[in-house]
Each structure stands twice: as structure tokens, then as C-alpha cells.
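Q: In case you want the letters, here they are:
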Amino acid sequence: MADNPNPNLDAETPATPPKKKGVKRRAFLIGSALLAGGGAFGLYWGDSSARSRAKALTETGKDHNFLSWMKIGEDDRVTVYSPHIDFGQGSHTGLAQMLADELDADWSKVRVEQAPADSAFANTPLGRGFLAEVSGAPGVINALPTAIISMITRSMPLQITGGSSALRFTGQVGMRTVGAAVRLALIEEAAARLGVPANELTTADSKVSHAKSGKSLRYGELAAGAAGRSLESSPKLKDRKDYKLIGKPIARADIPAKVDGSAVYGIDFKLPNMRVATISAAPVRGGKLLSVDEKPAMAVSGVEKVVRLDDAVIVVAKGYWQALKGLQALAPKFSDGGHSGVSTASIYAAQDALRKAGKPDNEGGEGDVDAAFGAAGAKLIEADYRVPFLHHAMMEPFALTAQFKGGKLEFWGGLQDPLSARVRAAKAADIDVDDVVFHPMIMGGGFGRRFPDVTEIIDQVAILAKQVPYPVKLIWSREEEVQHGTYRPQSSAHLKAALDKNGKIAAWRTDYVQSGDAEAETSFIYAIPATSRRHFNYQSNQIDGPWRSVNSTQIGFYNESFMDELALASGQDAYQFRRKHLPEGSRYQKVLDEVAKRSGWGSELPKGVGRGIAIVESFGTIVAEVVEATTKDDGSPKLLKAWAVVDCGTTVNPLNAEAQISGGMIMGLSSAIGEAINIDKGAVVESNLADYQILKLADAPPMIDVHFIESGAKMGGIGEPGVPPASAALANALFAATGKRIRTLPMLTQAKA
Amino acid sequence: MAVSLNVNGKPVNVTAEPDTPLLWVLREELALTGTKFGCGVAACGACSVHVNGEITRSCSIAVADVAGKSVTTIEGLKSADGTLHKVQQAWIDAQVPQCGYCQSGQIMAAVALIQKTGSPSDAQIDEAMTNICRCGTYPRIRKAIVSATGRAAAAVKGDA
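Going down the list, the protein sequences come from chains A and B. Counting in our numbering, the first sequence runs from 14 upward without gaps. Counting in our numbering, the second sequence runs from 2 upward without gaps.
Read the hints as simulated data drawn from the structure, not as lab findings. Among the hints, erroneous ones may be present.
As the list claims (entries may be wrong) - Derived pair list, reagent style DSSO-like, types lysine-lysine, alpha-carbon separation capped at 30 Å:
hint, chain 1, residue 1, chain 2, residue 2
1, B, 79, A, 709
2, A, 331, B, 87
3, A, 421, A, 283
Values in this document were obtained by computation on a predicted structure and should not be read as measured data.
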């Protein structure tokens, strides 16, 4: 697919050929009401009828701040409202860079604020109209909670943070357009005030200047008048060569508060007279609370109340420690929901049986794979892969504070979609969503765990708050958090390919079993005449959720491990073998070539050291990674060096992009080496960070070389795409080092000689 | 049954029961929420503080056991005039934090390491920095520790 050198507002188109439904996206801009001391500008989305509804909505004065994306103060200060939560991915700074660049704003006067979680959007026909248009499928709107894992609904209108969507959707479509349109309004206002033609005016550093007369006006002086002007709906955006802020390594504004302890996360929030609670839910997912004698907890000093939920027991106390002691004093009886026979092994066995039964639930691909497998001279290669449940293990355990007063619920904390969080809380508390206020706070990680549709703590705290006369903060212990995750699904796959006499892949079939079809989300990048990807649906008693990079992690592991096996079977170099199955001159080839070059691919390594390569496209971004590794005495992997080459089209903030790719790669390596959630008798075996093994500094690669190719292609995501190639690159490196092919994750000590 | 200790240079009397972990006394009684709860079992290091200068996981030490001792938390690292500790400044310069939740503990661990070793070697950094960072900021943590001690950047393996 040809690279697109120009920024545009079309929907994401993957760089791969798979047939995906086209998505249309149109934006309309309307100037909104004036704010005291400056101008506020709003961007609304939808068709023309939605536009008039939006206008009516804002002009009634109801919630007109909500849809405002920015304001300019009379002191020139520009405030950008981000609909995304920044949990460390740096999107707030990136979004502001994009808007401010188009606006020609003085960066020192720009700040970013979290947009409030307001109901006006998700619950108005406007929101629905926008979503229907974007998705091309109105049904998606009604299925919103589950649609979170679909690509379409990940964009900004719902305040969802996920799918690496902030910069590529919100930024490209929203922030840049708003910045450019407001800039034009400021020019128009200046032209009127100065009595000169608009085309004689230029903008820079938050000023409009007229060279001929030497006059200039500050944005702050122009803001009030400009805000009353109608905004251009599709202003021309800057060419790459004119970027002043996009692409610059600007320091993140949130960092100083994160090094001196002053940043306030959800778990840090406090209200006067607040109590603290902690919870124990049925150890087996699907189990219910049968009985609990609350007396032992009530006997603990500081404990005030024991609350029974359908599937859990909560202890409320003056402080966390007292609540925890109270909880530990209890001996609640839970049912197992009939899942006592579920184990890690039973899940794999059930998955194998399902695959062997041969009735896929979904199928993608093209060409006649079976014919190619049966062709004379075809060399058939097959392999089975398995990956376990993975836990997010965000560093901040779940904590929400809630207060129920006068029929209204107010709550505070960190969730990936503030608007649907309100909807869920309203449902749990059995009140109208308009009677729920949610205050989004900084999150200590998320990685997919904080999507409200999989976040039961919202229900728990909403129900709890109704039963106590004071504000209450519900904190999950780490044990609770590890054992009641919404894990990346345990998944297994059988891969089969036919090699022709020229050492090229004639046909490829992936049969994978897990909850959730990955076809729409994952890219198959190789040009192979016949391909088949068959999904067999399997759901255990666990709740599966999106884990950073979602299905691209395990599918990436399957594909890129198998590519190495095919290269070996045909006696070819793993890099060259991949290269010849990628379109000539494609972005894929360039990314692969660059990582090979930077890593010194093919150069000699000491005995016992191996190099592995992998390339995966996810969330619109192509990432190739090389890992150099050996084994420790116990056979566990020792990472020596790592490289990543990334084509995400345009890098908005290279400092931050590097951090995201490097961090993503470490998360991928960590999961491959030691992470697994195991199930026994229906319950999770691991209980804390002592036995859910996350990579530490000493075991991380001491060096990760991250390089970006500024192709100018459609902007891809950056938060997730660093993860998927990592596990396969490491497995391939270990094979090169030891001759052992690891097909089941985690690797642990499997490479032991 | 008050326990007396010194926190960030100030004497304090706390009323929490003696078995209460120092972490919860800091967070809930003294409102020093920069020290984080991560695991409660000393596995992750998010709660790291200094007790009489020694790096200590505050989730796993009872407040009674720090009676009469000096505790330094992340809030106590700045000098009296508000100047950041050189390690905090190095953290900003290297743009270390992502979500930031573990970074108080990481910084406390790094400060203790530097106080002990002056200029830690890579092996000493590996050994001392056992705090978990789920965002994977390790290469920048290594870089910040090294730059805070003035070691030449060229000598650093982890210059990512």
C-alpha cells in the first residue's frame, strides 16, 4: 500500500491488504459560547442534523464546557482539554503539541487538563449519531461495553483511553483540526480589527502579525471576538515541513509531580470523615457468597461494618489496615459456581478438543489452503503453541472513593473510560445516570484493566456507598487484584504451512482457540497465496479482557515463532526469509531492513548467545524487534541487548514514543519469560507480585535501541505496538542460542540444556 | 498508646495501633501519600522509604518497630528551600516516569543506593534496584541513577 505523505482525516486504513470495512469520518466545527475571561471553542462531530442538535445543546448553556476542546485566556494561556486519561503514555502532552502546532501557539503558555466526565455526550443523540457514522454499524452503539475491544469504538468521543487511539484519532482528527480552525478564526478577527486583508496576516507564538504595518495582536486580545466566529469545518492542516511542535522531544508536564510525591492518584484521594474498606470476592469466578459470620471482623478494633454482596464480602473500617485485619478474621463460605474442575490443563485440553472437532466459529484469509497442502511436492510444517492468561498488574491496585447523598452518587478514581464508568455505577446503584458524578483521577497504570465494562469495583463501591452514611474508599488488596483479574485469554494455536520447492510459503493456516475473534484487530502481513485463519471460540470461567496490545501479543507470538520455524525448515536466514514474503519496497521491508542493520544481523555472536527477530503490525504501526539473549545457569533467559524499529507514520513526541516502545517491549519480554496466571479448581493460583513474576531492572535488557522511521504514512498508535514482537523475538533468540524451540509460554527454564 | 517517631525531620506522635504497617500510618494518619501501596508483602517496593537511612519497605514493618527512629519519605527529599534532590532532578531530566506510581519507591531506592555507594556500578544498580515498574521504565531509571552520580554517559550500557 502506498504511503500517504499528507495528513488526512480519513479513518484508519491498515497498511495491510486485509479486507476491512471502510470507515468514514467527518468533522464539523462550531464556535461555542464565550467563557468569562477568554474564548472557548468547541468541536462537535456528526452529520448536519447532529450539528444543529449540538448547537442547540450548547446554546442552552447546559454543559457547554464539555465539548470544548480548548480555551484561550485573555492572558494568552491556552488550555487544551483531553478526553483521554493519561496514565503515563504521555498522550496529554502529545495532544497539546498537535493542537498548539496548528494554532501557532506559544508552547510556554499551553497547558492540558483532563476533560470532565460529563453525561451530555454519551447519552445524547449527538454522540450516537457520531458513533453510528464512524462505525457504519448502529448496532455497535447499543453493544458498547463489549465493543470496547473492537477497533472502531476506541476513539475519543467516549473518553475511552485504549487502542493506542489518543494521538492517531483524537490528535490527528480532533486536536489538529481544532487548532487550525481556531487559528483561522483568530486571523479573521485580527483582520477585522486591523482593517487589513486576512491573507496579509501571519501567526506565530500566540500572536497575529501584519508585516506591512508592523502591527500585531495577541491571541488573548483576539480570543473573545474569535470565539464568536464560526469555525472552518475542514481547515487546511500544516505540511510536515512546517511542524514546529509535532515531532519535538518536549518534556511531559506531569512528570515533576511524579518525582516529589505530590501527584494524587485515585488511591490517594481523601474526603473528610471518610472510611476505608476492602473486599474479598469468591475465589472461583462465578461463585457466590453463601454465608459469613461477621462477628470476628466486628471484634477487630476500628472495624465498623461488614457488607455482603452477592459474590463478595466487604469490611469497612477507619483505615485500610483495620479493614484488612477484619477481612482476614472472617471465614466466608463461597460456592464454586460449578467450576471446580477448571484448571490450566483442563482449559488447554478443552481447547485442543475444540480445535480437533474442526468447526471454527470464524474464518479469515484467502485462497485454497487445503489444495495447497495437498499439492505434489509441498513440504508441510506444523507446530502447536500455547500462551497462558496474563495479568495486567498495574502498580496501583484498584481504589475508588464514593459518596451517596440525597439520592446522588459521586465517585473518584482512575478508570479508562469515565463516561461508561458513570453508566455502570448508575446501574449498580439503581439510579439515573444524571445522578452520578465521576471525577477521573490519575491512574497508576492500566494496560486494559481499567475499562469500566470489566471493572467490578465500580459496582462494588456504588452498592457499598448506598449502605453507609459516610464517604468510603474501597481498596482492593493486591491479592484480590491478582486473583480477580480480567486476563489476556489463555489461548492455543495449531499452525500449519506448505513450503514450495523454491522455499516460499505456498499456504498458511492458523487454527487458534480462545475467547474472541482476533481477525478484525490483528494484521497478517505476509504475502502468501493461500491463507486461512480459523478462530475456535472457547470461554473458561475466567473473565477475559484486553491486555496491552490485546490479541496482537499472542497472534504475534504464534506467527513470528512459526516464521522462524519455516525459515529453518527451508534452510533460510530468518530475516531474509521474512523479507522475501513481504511486498517489495513496502514499509514492512524498510522496518525489517533497518532493524537488521542496526542490530548487526548476521554478524558473529559468542557461543551460547542467539539473536532473534520478529515483526508485527498492530494498531496501525509496524514494529520489528531484535533480541540478543543467552541463558542463565537454570535455563531461564538472560537478555543482553534489544532493538526496535518503528514506523508509526509520524512521531509526535520522540522522547515519549521511545518510552512507550521501550516500555512495551519490556512488558512483552516480561510476559514471555515469567508471567502466567494458572487456574486450579476454578480459582487463580497466583496471589501477589511475589508469585506473578514481573521482570525487574536487573533482568531487563540494559540497552534498548529504539529507532523511528518517519514515513509520513497514516499515523499509527504507539502505546501498544511495542509489545507484540517481543515474545517471539526472544523465543527465536533462545532457539538460536540453544537449539530449543519454546512453543509454550512462559519460558521459565524451558531452554535449560 | 501513641508511637513517637521522626518523619521528614519532624517529631510526630501517631495513634495507630502498634502493629499497623508504617505505610498506612504515613498515608492515612500523616497524609503523606507519596509513599504508595503496591503489594503489601514487600515484593514490589512502591512503599520504599528510609528508616534511619536504610531503604525499607514500609508495608512490611510495624510502626511500633520504627518508634524513635527517623523516617524519610519522598516528600522529605527536597531541601528546605524546595530544591529537588539531585536524584529527583535526574529523574526529570531523563523523563523517567510513565504512570509514575512506582517512582517514589524507585527514587527512594536510588537515593539510598547512591548514599551508600557514591557512584554505583551497573552490578550494584542491578542488585539494589529490585522495585517493580510495570511501565518498563528500567532503562531510563538506570540512566538517571548514572547521571545523578556524574558518571560519564558514554560508560553507561543502559543509555536508552
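Q: Would you mind marking each hint as holding or not holding in the structure?
A: Comparing the hints with the structure gives:
At roughly 27 Å between alpha-carbon atoms, residue 79 of chain B and residue 709 of chain A fall within 30 Å of each other, so this suggested pair holds. The hinted pair formed by residue 331 of chain A and residue 87 of chain B fails the criterion: a straight-line CA distance of about 38 Å is larger than 30 Å. For the hint linking residue 421 of chain A to residue 283 of chain A, the alpha-carbon distance of about 19 Å falls within 30 Å, and the restraint holds.
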